[in-house]
Amino acid sequence: MKKEGFFDEFKKNKALFAMAAPAFILVLVMSYFPMSGLILAFKEYRYNLGVFGSPFNGLQNFGYLFSSGTGWLITRNTILYNLLNLITSQLLAVIIAIFITEIHAKYFKKVTQTVILLPYFISWVVVGVFVFSIFNYETGLINSVIQTFGGEKVNFYMMPMAWPIIICAFNAWKWTGYNSVIYIAAVTGVDGEINEAAAIDGATIFQRIRYITLPSIRPTLVTMILLQVGRILRGDFEMFYQIVGNNGQLFNATDVIDTYVFRSLITNPDIGMTAAATFYQSVLCFAIIMIVNTIVKKIDEDYALF
Amino acid sequence: MAKNDKDMMESAPRKIKLSASSKAFYVICYGIVLLVAVVCLIPFLLLLSGSVTAEQWISFHGFSLIPGEFSLEAYGIIFKTPERIIRAYGVSIFITAAGTLLGLLLTTMTAYVISRKDFKYRNWLSFFFYFTTLFNGGMVSTYIFYIQYLHLKDNMLALILPGMFNVFYLLIMRTFVNNVPFSLIESAKLDGAGEWRILFTIVIPLLKSGLATIGLFLALGYWNDWYNAMLYMSTETKYPLQYMLYSIQQQTQALSRIAAQAGIQVQNLPSNSLKLAMAVVATGPIVIVYPFVQKYFIAGITIGSVKG
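Those protein sequence lines, which keep their order, are chains A and B. Anchor point for the first sequence: position 28 equals 28 in this note's numbering, and the numbering is continuous, going up by one each time. Add 1000 to the 1-based position in the second sequence for this note's numbering, that's all there is to it.
Because the hints were derived from the structure by calculation, they are not lab data. Everything numeric in this text was worked out from a predicted model, so none of it was measured. Quick reminder that beta carbons are idealized off the backbone N, C-alpha and C, glycines included. Accuracy of the hints is not assured; some may be wrong.
As the list claims (entries may be wrong) - Across the chosen pairs, the derived CB separations fall in these ranges:
(1) Gly151/A to Leu1034/B: 27 to 33 Å
(2) Gln1250/B to Pro164/A: 20 to 26 Å
(3) Asn247/A to Phe1094/B: 30 to 36 Å
(4) Leu80/A to Glu1186/B: 50 to 56 Å
(5) Gln1250/B to Met159/A: 37 to 43 Å
(6) Tyr303/A to Phe1168/B: 15 to 21 Å
(7) Ala105/A to Ala1020/B: 19 to 25 Å
(8) Val29/A to Glu1186/B: 54 to 60 Å
(9) Val145/A to Asn1123/B: 40 to 46 Å
(10) Asn1123/B to Ser67/A: 41 to 47 Å
Unchecked claim - Taking lysine to aspartate or glutamate and the DMTMM-like style, the derived pairs with C-alpha atoms no more than 25 Å apart in a straight line are:
(11) Lys1153/B to Asp8/A
(12) Lys1117/B to Asp302/A
(13) Lys1120/B to Glu44/A
(14) Lys1023/B to Glu102/A
(15) Lys110/A to Glu193/A
(16) Lys174/A to Asp255/A
(17) Lys1023/B to Glu193/A
(18) Lys1080/B to Glu1069/B
(19) Lys106/A to Glu193/A
(20) Lys1295/B to Glu102/A
(21) Lys12/A to Asp1118/B
(22) Lys11/A to Glu1186/B
(23) Lys1189/B to Glu9/A
(24) Lys14/A to Glu1186/B
(25) Lys1153/B to Asp270/A
(26) Lys1117/B to Glu102/A
(27) Lys1153/B to Glu44/A
(28) Lys1023/B to Asp201/A
(29) Lys1238/B to Glu238/A
(30) Lys12/A to Glu1186/B
All chains should be built: construct the whole structure from the sequences, respecting the hints.
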């Protein structure tokens, strides 16, 4: 019965099927097929035997990952960085969005908004160049300023504790403009008349922000937070890799699951532990987003992601 | 009430007298926005300034926001033997053009299908695509699959295929397609037009801003991609611009580290200004084009944030 339905539909809408086919096949091959490779987490991978021919070795790979302490370290780092980045970049974006919508000087508004969005368009490679030019020991901008004032130079690449701040700052630098565009859209969605009416009724600017602007931002904020929470175990590989590079001294403070996985993939022929790390990351991420979404759905259906 | 109305007629709302605290708010508001904008610009200023500063000055004083001693030596070196950069530009332009065109075609066709309310499997299909944002194979198995089973090692397709289709763009495009009145499609159907004809002669001409938006997002992604090149490309002649830039950064960093260890004067290598000049050459096109196409990105980001 069901099959018949499919064929009927296929006959009726051959053209629509054909139109969706290229994307369907592309995603099937590029995204769905590799999912089966997650099984490598339970296997001892041998190149000549391929993904499916390699022998199983139970939970050994997970054992290695967590007994060496690496698993916990990179999980902790990934979660802490994501929380820190979530709070700073969203907060900054909300503040900037509120301020920009309150600005009435047309050119000032336009120019500053353009400039604040600019970092979004810059590749992480170039951001890596920025970081190195600002913080390196010999010629970095900060050290050259310190030198000008007769101070002692600082070797940031030997100071792991400085890097959470640097990474967080560059994350905010890259994303504040982008996120503020989203919040500005949320604010201007209601803005106009309500705000004018409130102003005429004698509401101060703070009351307007408190009772009109912030509530209008709330649904967007919830969605953004949910999206980020769903990615809490995914490190932004491009960012970490370009900012930190191959500076081994910093790894304890900056290594996230994704950078660890990449480095072992490149340098280590035994990929069991690495495969275990990605399996653990993919599955937990999926579980977290499903759980969070279900809870949110129970509380308020409108805020659920799907 | 009547009085209030009259007041409103007489003075625009903005002219309402500001209290002292509101004035303070505006000062802070303008101040902070200006500050953030300046902070956003500083790295670019540093890049530009460093790229036109004499190498000796940099190795003596370090980088500064205003060139200490003006010199175009770094650009001179780049353009004296430009083959490498021109080739990398060529690769980037090729993958950007090919990937953007193919990606646009795929995205538009698929968006058209899932926006058709009379198509039985539209929800199923949407979920098929959306699921990839919730769950994926991860870096290791993806890498192994692409190399061992799809043979993408050192293959230009490795730079094109992964970025071609994206659920986020699909949902944005669907919003644009949904704005085309369905009655238009229906009446064309009654006139005997097939789906292909409806899509290409009726729907697509009405999607200009949607195509521009998604096209620009795709192009930006391809232009800035270095990750796929790092994983899959091994021949230098196939490096796109950003990865070429990255490998040059690595070479000069390694070089200057070795030089420093061996006690050789780093200043003999024009590496510092050269690195920044390369970054300027790689980023220039984006910074120049961006202000003119900004509105499409803003439209895309705004639509994308309204969940699909």
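**Message:** Given the hinted pair Lys174/A and Asp255/A, is their Cα-Cα distance within 25 Å?
**Reply:** holds, 20 Å
**Item:** Given pair status - Glu238/A, Lys1238/B, alpha carbons within 25 Å
**Value:** Between Lys1238/B and Glu238/A the Cα gap is close to 20 Å, so the pair holds against 25 Å.
**Message:** Next pair to validate is Lys14/A with Glu1186/B; report whether the Cα-Cα distance is within 25 Å.
**Reply:** Holds: Lys14/A and Glu1186/B sit about 17 Å apart, inside 25 Å.
**Asked** Is 37 to 43 Å a correct range for the gap between the Cβ atoms of Gln1250/B and Met159/A?
**Response** The hint (37 to 43 Å, Cβ to Cβ) is violated, given that Gln1250/B and Met159/A are roughly 22 Å apart.
**Request:** Verify the proposed pairing of Lys1295/B with Glu102/A, using a straight-line Cα cut of 25 Å.
**Result:** Distance ~20 Å between Lys1295/B and Glu102/A Cα, so the pair holds.
**Prompt:** When you check the alpha-carbon spacing of Lys1023/B and Glu102/A, does it fall within 25 Å?
**Reply:** holds, 12 Å
**Message:** A range of 15 to 21 Å was offered for this pair. Does it hold for the Cβ distance of Tyr303/A and Phe1168/B?
**Reply:** Between Tyr303/A and Phe1168/B, where Cβ atoms are some 19 Å apart, the hint holds.
**Prompt:** Has the given pair, Lys1153/B with Asp8/A, been kept, meaning a C-alpha gap of at most 25 Å?
**Reply:** Distance of about 41 Å is beyond 25 Å: violated.
**Message:** What's the verdict on Lys1189/B and Glu9/A, does the C-alpha distance respect the 25 Å limit or exceed it?
**Reply:** Given that 25 Å is the threshold and the Cα spacing comes to 17 Å, the pair holds.
**Prompt:** Do the Cβ positions of Gln1250/B and Pro164/A conform to the proposed distance bound of 20 to 26 Å?
**Reply:** holds, 24 Å
**Message:** Against the range 50 to 56 Å, how does the distance between the Cβ atoms of Leu80/A and Glu1186/B compare: consistent or not?
**Reply:** holds, 54 Å
**Message:** What's the verdict on Lys1117/B and Glu102/A, does the C-alpha distance respect the 25 Å limit or exceed it?
**Reply:** violated, 41 Å
In the structure shown, a violation is registered for the earlier hints numbered 5, 8, 9, 11, 13 and 26, in ascending order.
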